[in-house]
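Chemist: Protein sequence lines, in the order shown, are assigned to chains H and W.
The numbering of the first sequence is our numbering, which starts it at 1 and goes up by one.
The numbering of the second sequence is our numbering, which starts it at 1 and goes up by one.
The list makes no distinction among identical chains, and a pair is therefore deemed to hold if it is satisfied within one copy or across any two copies.
Each computed EDC-like pair below joins lysine to aspartate or glutamate, with the alpha-carbon atoms no more than 20 Å apart:
#1 K208 to D49
#2 K342 to E288
#3 K259 to D299
#4 K283 to D356
#5 K282 to E358
#6 K4 to D182
Hints listed in this document are in silico derivations from the structure and should not be mistaken for laboratory results.
There are 2 protein chains.
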Amino acid sequence: MNQKLLNVSSGKAFADTAVVNGQIVNVFTGEIYPGGVAICGDTIAAVGDISYCIGPDTAIIDAQNHYLTPGFIDGHIHPESSNLSIRNFAAAIQTHGTSTIMTDLHEIGVVAGIDGIRAILEEAKETSLNIYWIVPSHIPCAPNLETSAYRFHPEIISRGLEYPDAVGISEISGFSVISGNDELLESIDLCANKNLSLQGHLAGISGKNLTTCIAAGVVSDHEAITEEEALERLRTGCHLMMREGSVAHNLKVCLQAIKDHKLDTSNTSIVTDDLHVCDAVKKGHLDESIRVALKEGIDFTTAIQMVTINAAKMFHVEHQVGILAPGRRADINITSGPEDFKVLSVISAGKLWMKDQEILKHYSPAIHAPILLNTMHLKREISPKDFEIHVTDGRKQVQVIAMKTESCALVTSPVTGWLNVRNGIVECDVNQDILYIAQIERHGKNGQIGKAFMSGFQLKSGAIACTIGHDNHNIIVLGTNFDDMALAANRLNELQGGQIVVNGGEILSEIAYPICGLLSDLPAEELAAEKEKANRIIQNLSGETSISIPFMVLSFICLAVIPEFAVTDFGFIDVLNEKVIDPIIG
Amino acid sequence: MNQKLLNVSSGKAFADTAVVNGQIVNVFTGEIYPGGVAICGDTIAAVGDISYCIGPDTAIIDAQNHYLTPGFIDGHIHPESSNLSIRNFAAAIQTHGTSTIMTDLHEIGVVAGIDGIRAILEEAKETSLNIYWIVPSHIPCAPNLETSAYRFHPEIISRGLEYPDAVGISEISGFSVISGNDELLESIDLCANKNLSLQGHLAGISGKNLTTCIAAGVVSDHEAITEEEALERLRTGCHLMMREGSVAHNLKVCLQAIKDHKLDTSNTSIVTDDLHVCDAVKKGHLDESIRVALKEGIDFTTAIQMVTINAAKMFHVEHQVGILAPGRRADINITSGPEDFKVLSVISAGKLWMKDQEILKHYSPAIHAPILLNTMHLKREISPKDFEIHVTDGRKQVQVIAMKTESCALVTSPVTGWLNVRNGIVECDVNQDILYIAQIERHGKNGQIGKAFMSGFQLKSGAIACTIGHDNHNIIVLGTNFDDMALAANRLNELQGGQIVVNGGEILSEIAYPICGLLSDLPAEELAAEKEKANRIIQNLSGETSISIPFMVLSFICLAVIPEFAVTDFGFIDVLNEKVIDPIIG
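Chain H with its partners taken away, still in its complex shape:
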């Protein structure tokens, strides 16, 4: 028992810090009224009339009649999508009022296993970002069609659920529930027996399938992309995580369902899923989502509930976070009102972290654990010849099937084209926008290289590559010629991971991701600037592509569970039939 806290609450001792002159947004009652917050250490001691808690040594923070809200909670976010180290990521979102995240750190798990994830969570302890861990339910997504460094089976998940910060398992694939995946069902049972939370990934799931997933114990989903899906999830007793991230913008349609049907909002929350570093720097995080919600006509207190208590309740941690009340973590945002919503100052775990939008506390760079570093293990140097697709029967032309991607949709569709064959090697054709794409196993397991054809990026010359490729994080390389592709891959190996743009033997842009080949050590602003520069270079090489975040789109081309096609180190994947196929069809 924290006796010091009880002494402050009861008036036997004074608070360390007192926030005064605020308008309390009480997410428990739905009211707004004047008051303050008294803090003891990292915990709220009293809320409301706190004058009795103020002593001669109490630090006073004057809220100047601004609103006091609980720190915001993102119930579903993958920090790795920002490519920021966890400390820089923490700083980037804390600036926008986020105090708590629920995350699985799935991508780190793919490369560095459970020990890698724990090492990142250890690094995060230097920050005051509050992290609950949702244990990844599957690593990788398609173990029979891709090579990852680590694989999570029920024993690993069981070990994960023992950690005190574990609050459930994440990304329970609806289709795997439907198909009766034994390992997944075993993991679900493990989690349910510990009375922890079963977080769904129910993309495209509806009707009987949705009913089946909820019957299996799934309690939330963040993949509703239409009003119908949003309504159906809530009616089926599934907490609706309304996603407003860098890739998917689903908040508006979800809110429309709520408005149209006058739905109870207490089982809804706002999440980002994936937050690109450029968005984090330029737009914000959940503060930006609140602005979207307010614009859609959602009441101020209701909007604040959607990023605080509703998520806390969903994860059964509302006694710890998500409300300005005694005994909760002292995460408090001082904000402007609904007309012009902005986070002005941030109190994080009891300390003034940002004052009038100026950050007071800067995190020192981490010394990364060995398991997070030197994760590039190519079996040998890559040669341009490694990318060749051969035809042995003397044909001069072959018909191929290429994956086509669109701007922001992650699905791929087939396009076919006739390509020339020179010296028994199939040649790509920039005029048809049918390019080479390959994935190179980089975990030191088997050195496999999978090859296919890609359409949609419209590169006219050069190659781009990166070491982020869901769900295995091998090297994914897209190119117009073998030499540039090999240069890109070998340079990424030297960098210990990253993203790269090359053209005619020249490196035009490179960003190193030394942490697992996934994360940079640059601060958010610098990384955002580097990424914007790389994107401009790619735009120049392609001329007319509409893909504004090319590396993020590229990383999803390897995902062997998003229809219709993918490329992994196993080869060209027919996702729906779950098998490797030949891209040459005639």
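Chain W: place on chain H using the hints.
Modeler: Frame of chain H; chain W shown alone:
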């Protein structure tokens, strides 16, 4: 994983039972719309359009366009207050649509310890009432002022929290938190470390004291008796259990606070705390509370939420009960609408339990575990002389202080009077309404008899006694003469507990409580009839008392934590000063 359930949910197999033609009260969205519920075993497989679940062998329950609600949940009730065996208690409340209770079985714990509580929970398994156990936080209330058979210290509570049905600890005394009771704070830590629920008993607690209790981790309270208290609890982040029981009727004032301040209702629920068997038979249980709420202008769906999902969420079990959704226990009420609210039929754990108000499933009587029986252990036969209060200095009159009780308030206040002394023995005086009261230790520990004077019951002759006396459940006997008091006590010993009325050496009424001296084996209707008969007899002996439930009031006179006075086997207790005092003051 329940594969059979998933088969029904997904349409691969047919439901065992289907409720059709209903109006679904969706407590998750707040909507009401037409639909049905498909059931597999004891679990809901699908809700809404369930036609695909109906096969040739599916039993059909036609709801005839009535409402379908989740089974009701009482988050704070002591079944022992009904004096019914747990199976008869279950039947009594299931008749009124209650499917789940959270209970500590504190009274059983006083007499038979944790093993006794577990034996009762074992008996309950024959029923389909769903019981979550809240481990008692203190047994007895005042260990230095009373003798109970068992005492709960942190090690016992720690053992209790290991049971899979344990969801928290109960009745955390606000004043014990404030005074810093070491054992209680240790138990709180044990419970918090397991992330279980800390249920408060915050009678009379407000301001800094309330803040301190919430800071200590208390998440709910059922003791708000004014609008101010209700509002203050919610504003402080404390779930408001609005009590509407046989002793306390607090629902109306709590609802008034909600209406006056337009408060979010999701953190409120309705509980009964104590339900007298006569009320259970004549009025109902939570169905009666819903009628009260509706009369107060609460919206129908909101009222249903207050007895279903809100309580489930408070205890973090909303994935198991409290909503009509896949994977939840198939506890479904078919009810009439808000105009004339009534539970018509009950589906309990998937089976039709009551149809058109006719009970289909009757529970067999339990063979009680030995630990629950033969709990009367008087050290020796009680003699009339045991009740004598002596004056040795030859005075003929003494001034005494007597406890006065009022109709339904549990507090006692002092009255003084002059009593005659004959042969050195103080004589009671029915004309002044100052009677003898005594408590006799009956657990075989020390044979202590505590004696005092009582006012308020207005008995003109005879004696009444029972073996229910909070918080120790020794024999409490009130009388006008020693002979009748001794007869009553000795007969209760023969009965192995119960309640009794005697007059002039004759037993006018007796009801045996063979289970721990607390519970009868009679069904609810019979027990209610016996109790009404006893109450009429007491009315006849007293003439003008306004105490309508005399034995329940008597049982609280022993409670050494309700001001201002009590009698225990230790003697006459000054509650506020926590000590035994002499009733003779002059």
